[in-house]
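Participant: Quick note, the sequences are listed as chains A and B, same order.
This note's numbering puts the last residue of the first sequence at 322; the count rises by one with no breaks.
This note's numbering puts the last residue of the second sequence at 1126; the count rises by one with no breaks.
Treat the hints as calculated values from the structure; they're not laboratory data.
Note that this is a predicted model, so its numbers are computed, not measured.
Treat the hints with caution; some may be incorrect.
Stated by the list, open to error - Distance condition first, Cα-Cα at most 25 Å in a straight line; then the derived SDA-like pairs of lysine to any residue:
1) A/Lys162 <-> B/Asn1062
2) A/Lys13 <-> B/Arg1008
3) A/Lys162 <-> B/Leu1058
4) A/Lys137 <-> B/Ala1102
5) A/Lys13 <-> B/Val1007
6) A/Lys137 <-> B/Gly1021
7) B/Lys1042 <-> A/Val107
8) B/Lys1118 <-> A/Asp280
9) A/Lys162 <-> A/Thr178
10) A/Lys137 <-> B/Arg1022
11) B/Lys1110 <-> A/Tyr284
12) A/Lys162 <-> B/Leu1057
13) B/Lys1042 <-> A/Asp280
14) A/Lys137 <-> B/Ala1095
15) A/Lys137 <-> B/Arg1104
16) B/Lys1042 <-> A/Ile71
17) A/Lys137 <-> B/Lys1110
18) B/Lys1110 <-> A/Tyr283
Said to hold, decoys possible - A few chain A positions that, by computed beta-carbon distances, are all more than 12 Å from chain B:
19) Lys8
20) Gly46
21) Asn50
22) Val63
23) Ala75
24) Phe106
25) Thr294
As the list claims (entries may be wrong) - Per label pair, the in silico range of CB-to-CB distance:
26) A/Leu64 <-> B/Asp1003: 34 to 44 Å
27) B/Ile1090 <-> A/Lys12: 45 to 55 Å
28) A/Ile191 <-> B/Leu1094: 18 to 28 Å
29) A/Arg136 <-> B/Asp1003: 31 to 41 Å
30) A/Pro139 <-> B/Ile1075: 40 to 50 Å
31) A/Pro139 <-> B/Leu1070: 24 to 34 Å
32) A/Ser16 <-> B/Ile1099: 31 to 41 Å
33) A/Leu266 <-> B/Lys1118: 20 to 30 Å
34) A/Leu276 <-> B/Arg1120: 27 to 37 Å
35) A/Ser16 <-> B/Leu1025: 22 to 32 Å
36) B/Leu1025 <-> A/Leu166: 48 to 58 Å
Cβ coordinates follow ideal geometry from the N, Cα and C atoms, glycine included.
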Amino acid sequence: MRGALTIKEILKKFYSVHSVYIDIIVKACTAFACFYWIASVFEGEGVFANTFVMLIAALLCSVLPFRFMPIVSGAFIVGHSFSMGIDVFAVCAIILLALTFLFLRFVPDDSPAIIFLPIAMHFGIPALVPICYGLRKRPSAVLAVGSGCIVYYLLSAVTSNKDALLEFGKTEYVARLTLLMESISSGNEMIVSILALSGVVMIVYAFRRLGFAHAYEAACVAGGVVYIFFVILGNSISLTKFDLAKEGIGAGAAIIISLILQFFWLSLDFKKVEVLEFEDDMYYYHVKAVPKITSEDFADTDEADGESVNFEQKLEDSLRNL
Amino acid sequence: MVDEKKVRAMIELARYEEGEGREDLRIRHFYRGDYLTVQLIKNWFLTTISYILLLALLVGGNLEFLMNNLDSMDIPVVLSLILIGYVALIGLYLAITYISSAVRYGRARKRLREYVVKLRSLYRMK
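Generate the whole structure from the sequences, applying the supplied hints.
Facilitator: Structure, rendered in structure tokens:
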């Protein structure tokens, strides 16, 4: 624990000194990873799959606010889909535009979820993103999380039907569109996933607002459990075909990763809770103050154990008090 | 000599102006009614575009079915269903926009009042 706290403080100090450069580097790396993932999903070979173009776009994102990254990622998705045909391009562009106009404009700060969630779903840890949003954001983040889920199923429908679309030929628009729309709307997986991930955001938010000891950690665990519950419910009621073992491992991994992230965001010492009560003309205040854990707390404990008590300082303090 | 108290006050004001104050200062130029009207018109426009785009996608995806069953379809019923869907969507979104914009306007006004008080106290500092 002490080692982890020391690492955390070293990282915090390092970040406070070099935050300008770290922000730029992290944004550029994240953006490049997103663009690279999109290119790998589409298995594209066009201009948008060019590493040089991806690097330039990532550099552009590094100096722009974080909310521009999903916009550029959306442009990459539309660009890749254009190489598959004008109809695929139209479907992707229309769905992304509709999501932006109907949902994302209400929650512009949460919009990175539309690219982070598909990546998390691709790697089998879908619960991670809604748990993080529940821990850090407000319940309105369900709009961004739901949109991210739709984007994942859109990409999945486009890429899984790539060969079938090529068989039709590029001018058979009606047949290609019918195939794509059927693929997007077939099955209840998308609806069950949207409900499950939205439920995770709400439950995690509700748990962390309850304010009991270790509420944040409990919220992470509750998020993973709720996700699995929804998946099992979906499999039994709406006949979806989620692989329960895979989803279970993914939810477990999401809980572990979110607990690690939570440790770095905020670690509280519930043994030293102070309850303050005071009043003014208008209100009576009942304040619960929870101190943060730092590595210095452990240093104090070591000193109190008796090995390195500064007797000289104690003597000086006593004389001063006299 | 640098007045630490004054610098702190200026930093606080500058942080507000660069952060959420930017939007608040833009909202300041509108009366409440004007602001809500602009938001509602903007929202109506974007929601209408989204509805038309999604409808076009739905028609495109089911074009074969529609062409085969066009003769047996009751066109007025289909058109009225499309219209009811549009009115329901617009109604829902306008209600959400009205509530969220009114709340945003109220909060911005409150923050601006605090900002002006702090600005005045900074001006009075010697």
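Participant: Could you run down the list of hints and mark each one as holding or not?
Facilitator: Okay, the hints, checked on the actual structure:
Simply put, A/Lys162 and B/Asn1062 have alpha-carbon atoms about 20 Å apart, close enough for the 25 Å limit, and the pair holds. For the suggested pair A/Lys13 and B/Arg1008, the alpha carbons sit about 22 Å apart, so the restraint of at most 25 Å is met. Simply put, A/Lys162 and B/Leu1058 have alpha-carbon atoms about 21 Å apart, close enough for the 25 Å limit, and the pair holds. With a CA separation close to 21 Å, the supplied pair A/Lys137 and B/Ala1102 stays within the 25 Å bound.
Our distance criterion of 25 Å between C-alpha atoms is met by A/Lys13 and B/Val1007, whose separation comes to about 24 Å. A threshold of 25 Å between alpha carbons decides the hint, and for A/Lys137 with B/Gly1021 the separation of about 20 Å falls inside it, so the pair holds. Distance check on the hinted pair: B/Lys1042 and A/Val107 sit about 16 Å apart at the alpha-carbon level, within 25 Å; holds. The hinted pair formed by B/Lys1118 and A/Asp280 meets the criterion: a straight-line CA distance of about 23 Å does not exceed 25 Å.
The hinted pair formed by A/Lys162 and A/Thr178 meets the criterion: a straight-line CA distance of about 14 Å does not exceed 25 Å. Taken as a hint, the A/Lys137 and B/Arg1022 pair is honoured in the structure, with Cα atoms around 21 Å apart against an allowance of 25 Å. Note on B/Lys1110 and A/Tyr284: the hinted pairing holds, with a Cα-Cα distance of about 23 Å set against a maximum of 25 Å. Distance check on the hinted pair: A/Lys162 and B/Leu1057 sit about 19 Å apart at the alpha-carbon level, within 25 Å; holds.
With a C-alpha separation of about 45 Å, the suggested pairing of B/Lys1042 with A/Asp280 is violated against the 25 Å cut-off. Of the supplied pair hints, the one linking A/Lys137 and B/Ala1095 holds, its CA atoms being roughly 23 Å apart against a limit of 25 Å. For a cut-off of 25 Å, the pair hint linking A/Lys137 to B/Arg1104 stands: about 17 Å separates their Cα positions. A threshold of 25 Å between alpha carbons decides the hint, and for B/Lys1042 with A/Ile71 the separation of about 20 Å falls inside it, so the pair holds.
Between the alpha carbons of A/Lys137 and B/Lys1110 the distance comes to roughly 22 Å, so the proposed pair stays at or under 25 Å and holds. Between B/Lys1110 and A/Tyr283 the CA atoms are separated by roughly 20 Å; this keeps the pair inside 25 Å, and the hint holds. Every C-beta of chain B lies more than 12 Å from that of A/Lys8, the closest at about 25 Å, which supports listing it as non-interface. The beta carbon of A/Gly46 sits about 24 Å from the closest Cβ of chain B, which is more than 12 Å, so the claim that it is off the interface holds.
Distance check on A/Asn50: its Cβ is at least 30 Å (rounded) from any Cβ of chain B, clearing the 12 Å threshold; non-interface status holds. The beta carbon of A/Val63 is kept farther than 12 Å from every beta carbon of chain B, the shortest such distance being approximately 16 Å. The Cβ of A/Ala75 lies farther than 12 Å from every Cβ of chain B, with a closest approach of about 17 Å, so its non-interface assignment holds. Non-interface call for A/Phe106 relative to chain B: violated, since the shortest CB-CB distance, roughly 7 Å, does not exceed 12 Å.
Non-interface status of A/Thr294 relative to chain B is upheld: no Cβ of that chain comes within 12 Å, the nearest being about 25 Å off. Range check, A/Leu64 to B/Asp1003: Cβ separation about 36 Å, and the 34 to 44 Å hint holds. Checking the proposed 45 to 55 Å range against B/Ile1090 and A/Lys12 shows it holds: the Cβ atoms sit about 48 Å from each other. Evaluation of the 18 to 28 Å hint for A/Ile191 and B/Leu1094 yields a pass: the beta carbon distance comes to about 26 Å.
Distance hint check for A/Arg136 and B/Asp1003: the Cβ-Cβ separation is about 37 Å, which falls inside the suggested range of 31 to 41 Å. Taken as a hint, the range 40 to 50 Å holds for the pair A/Pro139 and B/Ile1075, whose Cβ atoms sit roughly 42 Å apart. Taking 24 to 34 Å as the suggested C-beta distance range, the pair A/Pro139 and B/Leu1070 does not conform, at roughly 44 Å. In this structure the hint that A/Ser16 and B/Ile1099 lie 31 to 41 Å apart at CB holds, the actual value being about 40 Å.
One distance hint, 20 to 30 Å for the beta-carbon pair A/Leu266 and B/Lys1118, holds here, with the actual separation near 29 Å. Our hint of 27 to 37 Å for A/Leu276 and B/Arg1120 holds, since their Cβ atoms are close to 32 Å apart. A beta carbon spacing of about 29 Å between A/Ser16 and B/Leu1025 agrees with the range 22 to 32 Å that was offered as a hint. About 53 Å separates the C-beta atoms of B/Leu1025 and A/Leu166, a value consistent with the hinted range of 48 to 58 Å.
Hint check: violations occur at hints 13, 24, 31; the rest are consistent with the structure.
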